[in-house]
Amino acid sequence: MFVARSIAADHKDLIHDVSYDFHGRRMATCSSDQSVKVWDKSENGEWHCTASWKTHSGSVWRVTWAHPEFGQVLASCSFDRTAAVWEEIVGESNDKQRGLSHWIKRTTLVDSRTSVTDVKFAPKHMGLMLTTCSADGVVRIYEAPDVMNLSQWSLQHEISCKLSCSCISWNPSSSRAHPAMFAVGSDDSNVTYGGKVQIYEYNENTRKYAKAETLMTVTDAVHDIAFAPNLGRSFHVLAIATKDVRIFKLVPMRKESTSTGPTKFEVQIVAQFDNHNSQVWRVSWNITSTLLASSGDDGCVRLWKANYMDNWKCTGILKGDGSPLTGSSGQPTAMSTVVGSSVQTSQNALNGMSAGRYFFPPLDPPRAGTRYGHLLPPSSLIEHCDAEPIQPQQQALPHRLSSRALLPLPEAEGQ
Amino acid sequence: MEEVDVEPAVTNIPAASSGTHLGFAWGPGDILVYETLYKASGKCTGSGDIHEVRKDEDIYSPILRKLFNESHHIFVGLQTIREDLPSKNKKPQFVSISKNYRSVIRACMEELQQVVSILLAIELIWNLCEVLFIDAAPAGSLLLHLLDWVRLHKADVDEKAREVLQSESPAEHRDYWDVVVSYVLQGRLEEARQMLVKQATLQPAARKMYKQMDTLNISPGGTQTLTEFDVKWRHWHEEVDRCLQDNSFASNKHLELICKILVGDEDTLLEHKDLLSTWYHFLVTRLLFCHPTVKPTELHYYAQSCLTMFLDSRSVPEPLDSILLAAFEFDIHQVIKDCSIALNNWWFVAHLTDLLDHCKLLQSHNLHFGSNLREFLLLEYASGLFTHHSLWQLAVDYFDHCPEFGRVYLELQIERVPLDTERKALKVLRICEQRQMSEQVRSICKIMAMRALRNNRLGSALSWSIRAKDAAFATLISERFLQDYCARGTFSDLDLIDNLGPAMLLSDRLTFLGKYREFHKLYGEKRFREASKLLLSLMTAKIAPRSFWMTLLTDALPLLEQKEVSHHIQLIYSRLNCLCVSISHLDNVVHCSLHFSAYL
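Just so you know, the protein sequences line up as chains A and B, in that order. Going by my numbering, the first sequence wraps up at 415, each residue one higher than the last. Going by my numbering, the second sequence wraps up at 1600, each residue one higher than the last.
Bear in mind the hints are in silico, worked out from the structure with no lab data behind them. Hints should not be assumed to be uniformly reliable.
[As the list claims (entries may be wrong)] To list a few chain A residues with every Cβ distance to chain B over 10 Å, as calculated: (1) Glu88; (2) Phe121; (3) Lys249; (4) Asn286; (5) Cys314.
[Said to hold, decoys possible] SDA-like, lysine to any residue: derived pairs with alpha carbons at most 25 Å apart: (6) Lys12/A to Trp103/A; (7) Lys1469/B to Ser174/A; (8) Lys12/A to Lys1469/B.
[Unchecked claim] Sample of chain B residues facing chain A (criterion: CB under 8 Å; computed from the structure): (9) Leu1244; (10) Arg1416; (11) Ala1425; (12) Leu1429; (13) Ile1431.
The C-beta atom is built at its ideal place from N, Cα and C for all residues, glycine as well.
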């Protein structure tokens, strides 16, 4: 993998969340500087900040987009104990020319008495519903009955989880085979009792959410939680960021016809990774749920993938190099698009120069005296992001397990 | 099958300071990474940059786009080969398809002047797989195929030969003997003879060599059986050996060398590593001159030993070597796995595995995950294509031919295609409609309708809502139209409303809108009888929104002046009476009804 582009975010303080919109053409960032910025991607791939405004009176922890079926709508949550809903207003034509847009606050949700730690929209088939969770252990579900009037939201459910909540995730599946469901994670640090992850399910009869499952084996503080996209499976997959990365499989057990309670699940742990060797703070699935990313205290983002045999492995690591942007590392400070000519890209690509995918070993820098060394692109082109080339993995493996990348054939020599 | 353990590769992200965390957000085809602190303590002077991190996917290369486009055609054609044909009829088709794929690879290589190494490797591997797996050459023709394979990938001989032949005195060119020996090593004895003719006049010994080569018939098949060929070959081999033993060519070291090669002397062959350049060339040459009737099942013994002999103790075998070895061992799964590891994108393994699966070669190896492997690889490849702004359309066909997960993958990913223009949205819609993905159709239309409404393009919003079959939204937009009319006295988007047709029935309000416009048209055409009849039916059908009743009454007034409609007036008046009871603005109504009564 490589850094294709760097965007100067220009927040005055730490960024806490970055969220892509549904189509990947816009993004929202939020920060301790109490503001939210919205960015639009132009046709040539450049990002432009089209709005920047103060949203709260405290650090903004999370920002999230509603489904575009509801228009251009954002929600944010903050240390200031509130969550807010914002809608983009189509502005005057001269605003459009300057590439600016305006967002106005449609509502403030003030029910929480403590910092609101997460805000998520429910899957779109449930209508326009917003969920928040707070340090006071309460999950609140709000609904906007009239999609054209976003200033009217009603608190539909208030669920007390007894433990301080840090994260929520809705099961994105819209299958009628099972009721609506979400998971809540708690960052309560008392390890003497488990159950830091709770699963709630909607009951059609009582019209309320009831707890369906508690993952007792999760005893450490949970910082993030994410249901994977369903892909038509009968079971659910949930990733958890705690002292390690854990992936659970929840298999619904067959219900008795007379049973009116929530579904019972068989809970299996599919994978557990402690490679971060520290607290894991975020987990998130890509669109097809074929890749899971996690971020940890070790300052790395790790990518996880299952092969067709369903064995999970780490397929890439993104590591902050901790070097200052100016000076000793010799890097330019403003990194414009690094992707050069298509030939250069294809050169890199074709030489198997890659990092961070499931199957691809690092490209060793050309060794002096190798026959094909002169055919590889010079090392100055290979590594864009840092001064030193990647250290080759010198392992004493039998030939079958050699980890060197594919080198050119001798035929190319004569050309 | 044990897993090969490869360490994950590390990508460095420029960070302003150490000890920060890395936040991330998944995007289409990339991942955004930024500095943050999850347990925020202490103030920061500013945020760092947000970095867009991408896989080095070569889908962004225009040349490989040609590869993807062309191979897409071949893929679709392969899927439609009829299942019920007997396998002996299918095999030539599969071989032909395999050759088609390879010709596409070669076409790309011609265009991509600079770096063809990976494509060369791919074609080399694919060619070998075709020979061993798809064509499944038996002993005898196996060697011929392997010779072709080696010759195809060692084209520099011909260049050298051309150079030599075009020189003034070819027999004295410094590359002359290299060319002859190379030809011999490749089993191209006819060409070797042609070259030797240049020497024949200079050296009498060459004539005998010439004759010797003549008698070597290295092509089994045709009218002779393998056994017949074997007998002939052994006889010949003994003759060549005898030539060596009795020093027939001792006077000319070159010719003696060639003789040693013909007899298959390993040491001599290994002395010419520079001409052979690869161990697999060495393998095929050795087979040619020692074991021409080699059976497919015996290949791997020779392959392994040739690899070991060719590489000296210092050099490490490369991934390409292990892939070829796996092929010689007929371990298809290992070939696929090793290729996945060594190569940059899923194109090669996905298409090759699909073809092998059609040849029923994967299933015979392992029923458990044979077909899943094909689908897994195709899904990976197609998902990668989906993030590209134009190649995503190719991906659709691939998903179509993945019976288990193809549909759900397509549903998930097609929703995310950015609907930049109406044209693109229609393209996406067509694909969804063809596959009866009704939820995706509805969702895309709704997104477009919402976008149009936000930009006050009511006509566009209405037609998208109709396409989405979204009654609620259609009602909302119809209301807007009516409000607009009340405000301005005219309708916008008349074309659309005039041509609603049966779509009008989607919602009551929409029906009213359509009919109300019709009323205006009739009035404008002075067809007052029909106009008043329509107006009456609008009032009686109760689909008129309450807010519009005043407007309807106002519209009715000028009609009263038309003589032909007098008998309708009674009805309207009586209807008014009913309406009066429920209208809240009684004073307005009283005023109106007074007006009416004046006409009676």
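*Structure versus earlier hints - violations, ascending order*: 1, 4, 5, 8, 9, 11, 12 and 13
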